[in-house]
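Asks: Numbering (our numbering), first residue to last: 7 to 363.
Note that these hints are calculated values from the structure, not bench results.
The beta carbon of each residue, even a glycine, is placed where N, CA and C say it ideally should be.
Where hints are given, some of them may not hold.
Claimed, not checked - Listed next, the in silico SDA-like pairs over lysine to any residue satisfying Cα-Cα at most 25 Å (straight line):
(1) Lys257 / Glu353
(2) Lys336 / Glu353
(3) Lys128 / Ala89
(4) Lys128 / Pro49
(5) Lys316 / Arg300
(6) Lys336 / Arg271
What the hints assert, rightly or not - Derived CB-CB ranges, DEER-like:
(7) Asp207 / Pro36: 17 to 27 Å
(8) Arg223 / Gly254: 34 to 44 Å
(9) Lys128 / Asn346: 36 to 46 Å
(10) Asn346 / Val40: 31 to 41 Å
(11) Ala357 / Ala217: 24 to 34 Å
(12) Ala141 / Arg335: 42 to 52 Å
(13) Arg300 / Ala46: 43 to 53 Å
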Amino acid sequence: MRTLGFLGLACLLVVGACAPAPHNPGPSIPATAVPYASPAQPPAASEPLVIQPSSDARERLARVADGALVDSGGFHEWAPSRAAPVSSDVSLIHFSTSDGNIHCSGSIGGIFCEVRESGIPKAPRPTGPGNGPVAWQQVIELGPTGLRYGLFNGSVVVFPDGNTLPAGSTIRFGDVECLSGQGDITCVDYSSDTGFQLTRDALTPLRSAEALPRDTRVEPRTSRGTYCGALVTQQILTDALNSLPRTGNIKWNNRFYDLEAYSCRALQAFIAEGEMSAGDPTAPNQVLFFDRGRFVGTATDRPYYGLWGKTDETDPTLIHVRFLLLPSRKQVTIPARYTNGRVQLLEPIPAGAVPAG
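Given only the sequences and the hints, what does the whole structure look like? Please build it.
Replies: Following this line, the structure appears as structure tokens:
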């Protein structure tokens with residue numbers, strides 16, 4: 007009681023000292039996310055959608071982590087039609103909803119989806135110069151560059167008739183996860199707290215105003231399967247690349263060649279591609295290596311033009327590093343070995359290989 011009395015006296019002596027702080031509410035956000043609607047005028051260029059946060063986005067996106075996480079190793083098969091022969095791809099995952107109307111393909115770099123029979127308003131083709139005659143596809147993309155609707159691409163982006171992802175199941179694409187429903191899907195990119203819900207008739211962009219908890223579950227792994235769940239994500243690759251010493255004016259574009267992301271080998275190679283500058287003979291590359299998802303180093307001390315690398319399919323510590331020789335543009339591959347937690351070249355870098363930066 008005496009303590010309470012002293013506190014009360016202090017409040018009287020210091021006017022307003024114990025009064026509640028004035029409430030200064032921030033800008034209000036919509037209660038419900040709004041489905042995509044075609045703009046009044048076509049844009050000049052293809053840009054990510056501007057997603058406004060909504061009060062319901064967090065709950066809707068968080069449901070993805072409540073789905074039964076599947077072994078993605080069973081989703082590398084696809085076919086151009088239900089009657090066509092089945093193919094498989096080590097670097098891509100494909101799935102379809104149970105009604106066969108929504109199809110998605112992707113990797114740890116993001117996901118592409120399209121709706122076969124759709125009532126969704128179409129994304130208008132950008133009108134700006136430089137777009138050329140390349141096909142404009144009504145494809146939804148979620149990845150490092152944000153959420154996009156509409157894509158310039160002259161080849162197949164979404165491979166049809168992948169294996170069915172049962173309703174209530176969640177599949178993982180690195181930082182992106184998707185939950186399949188009854189003819190709909192909800193996808194979230196945990197690195198940006200954004201995502202979308204896709205149905206036959208609506209594409210609803212979603213952005214959580216608060217950080218979403220990551221799905222920390224370990225992906226189920228089939229020991230005798232050809233493919234295994236990815237241990238390296240786009241964010242892990244970006245962090246590894248940013249941890250390296252800066253080389254010249256090379257600008258990395260967050261594009262990674264992840265052909266080994268779903269292999270079952272402990273040692274995996276990923277190629278980071280830099281942007282080409284005026285006068286560059288080709289893109290500058292760096293090869294990053296990971297041991298069970300942990301970054302362990304690079305093939306070379308600095309990036310090289312046209313550099314490439316991959317791990318051996320039978321020897322768990324052998325690496326093949328390929329250099330582009332200039333100006334002949336001849337390609338030469340030399341061996342490297344992963345020992346004692348380090349990657350070491352077994353032969354000198356060939357003459358004619360040009361370091362970048």
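Asks: The structure should be examined with respect to each hint, and the outcome stated for every one.
Replies: These are the hints, each one checked on the structure:
A C-alpha spacing of about 29 Å is found between Lys257 and Glu353, which places the hinted pair above 25 Å, so the restraint is violated. A C-alpha spacing of about 17 Å is found between Lys336 and Glu353, which places the hinted pair at or below 25 Å, so the restraint holds. A threshold of 25 Å between alpha carbons decides the hint, and for Lys128 with Ala89 the separation of about 29 Å lies outside it, so the pair is violated. Proposed proximity of Lys128 and Pro49 is supported: the alpha carbons are some 13 Å apart, at most 25 Å.
Restraint check: the Cα-Cα separation between Lys316 and Arg300 comes to about 16 Å, which is no more than 25 Å; the hinted pair holds. As the CA atoms of Lys336 and Arg271 are separated by approximately 29 Å, the hinted pair breaks the 25 Å bound. For the hinted restraint 17 to 27 Å between Asp207 and Pro36, the CB-CB distance of approximately 20 Å keeps it satisfied. At roughly 41 Å, the beta-carbon separation of Arg223 and Gly254 lies within the given 34 to 44 Å, and the hint holds.
Taking 36 to 46 Å as the suggested C-beta distance range, the pair Lys128 and Asn346 does not conform, at roughly 56 Å. In this structure, Asn346 and Val40 break the distance hint of 31 to 41 Å, their C-beta atoms being roughly 55 Å apart. Range check, Ala357 to Ala217: about 51 Å between beta-carbon atoms, so the 24 to 34 Å window is missed. Range check, Ala141 to Arg335: about 30 Å between beta-carbon atoms, so the 42 to 52 Å window is missed.
At about 50 Å, the CB distance of Arg300 to Ala46 agrees with the hint of 43 to 53 Å.
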